[in-house]
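Undergrad: Chain residues, written in single-letter form:
Protein chains: 2
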Amino acid sequence: MAHPIEELIASADAAIVREDFDALVDLYSEDAVLVVKPGVNVAGRPSILKAFEAIAEYFNHSVQVRQAGMVVLESGDTALVLARTVVSAARFPSVTRNATYVFRRDSGGRWRCAIDNSYGHELLAAAEHG
Amino acid sequence: MAHPIEELIASADAAIVREDFDALVDLYSEDAVLVVKPGVNVAGRPSILKAFEAIAEYFNHSVQVRQAGMVVLESGDTALVLARTVVSAARFPSVTRNATYVFRRDSGGRWRCAIDNSYGHELLAAAEHG
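Top line first, the protein sequences correspond to chains A and B.
The first sequence begins at 38 in my numbering and counts up by one.
The second sequence begins at 38 in my numbering and counts up by one.
Bear in mind the hints are in silico, worked out from the structure with no lab data behind them.
A portion of the hints provided could be inaccurate.
Since copy identity is lost for identical chains, a pair holds within one copy or between any two.
Stated by the list, open to error - Here are the simulated lysine to any residue pairs, SDA-like style, with alpha carbons at most 25 Å apart:
(1) K74 / G145
(2) K87 / G106
(3) K87 / E165
(4) K74 / D143
(5) K74 / G146
(6) K74 / L161
(7) K74 / S84
A quick note: this is a predicted structure, and the numbers were derived from the prediction, not measured.
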C-alpha cells in the first residue's frame, strides 16, 4: 500500500494540473513554506495560493506535474520526502527535479506539507552564486 | 550570524571527528532516524550511537566530516537543511554528498535533528535498483 503521504502528493499534483488551488493549499500547513524558485520563498496558504496562480498564468495554464520516484523517511510526526518531480508545460521542455518535501502530522493524524522545495540542492548553487 | 542549526551541525561534525558519541546523540531527537547507508536506517538515540561507533570502527577511527555549503528552510518548528557534506577518512577518497537534514524545535526552543539523511537522493537510486 502506498504511504499516505504519497497519496497526498498525488492529490496535490492533480490539483495543480486542474488548477484547483483551494484544494491544493488545504494540503499545506498554515505556516508552510514554498520555494517558488531558487532564492524566492513564500510562506502561508494565501501566499502559496497566489504563487500557484502566477505559475499557472506564466505557463499559460498548461502545467503538468508528476512524481517519477519517491522515498519517505518518517520520524514521529515528521516526514522527509525525496522525490523525482517531473514538471512540464506547453512549449517548455520537461524538467526532472530532485525535490525535497517535509510533511508534519497534526494532532488529528493528518499529514500536511510544511516545506515544499521542488528544487532540492539547486538552492545551494543559487546561494553560492548570489 | 549563522543560523542556530548551522552551529548545531558544526557541533555534530566536531563530535563525530573526536568520537564523542554521547554529545553527538544529544543533538538528535529521541525518535530520530539516521540513514546509515542507502536502504539501511536506524531510529532512536541508542541505535544511532551504535551506528556511529560502527562507522568509526569501519573507517579505522579516522572519519572527517565538514559542510561545504548549506541552506536552511524554516517553517514554524520544522526546518529542512540542504547541505554539501564532505566525508573523508584515511585511505578512503573524499566524497561530497547532497545531504538532507530535518530539524525540529522542541517546546524549550531547542532544535534537534529528527531525520539525518546525508545521502540525499541517492536513496532513490537504491530503491529503484532494489
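Undergrad: Compare the structure with each hint and give your call.
TA: Status of each hint after checking the structure:
1. Taking identical chains as interchangeable, the C-alpha atoms of K74 and G145 are never at most 25 Å apart, the minima being 32 Å within one chain and 33 Å between chains.
2. In this homomeric assembly, K87 and G106 never come within 25 Å of each other (Cα to Cα): the closest approach is 28 Å inside a single copy and 31 Å across copies.
3. Proximity of K87 and E165 under a CA criterion of 25 Å is satisfied in neither setting, with 28 Å inside one chain copy and 36 Å between copies.
4. Taking the shortest alpha-carbon separations for K74 and D143, neither the intra-copy value of 27 Å nor the inter-copy value of 30 Å comes in at or below 25 Å.
5. Taking the closest pair of Cα atoms, K74 and G146 never come within 25 Å of each other, the shortest separation being 30 Å inside a single copy and 30 Å across copies.
6. In this assembly of identical chains, K74 and L161 lie within 25 Å of each other by CA distance both inside one copy and across copies; the values are 12 Å within and 23 Å between.
7. Proximity of K74 and S84 under a CA criterion of 25 Å is satisfied intra-copy only: 14 Å inside one chain copy versus 38 Å between copies.
Hints 1, 2, 3, 4, 5 from the earlier list are contradicted by this structure; the remaining hints agree with it.
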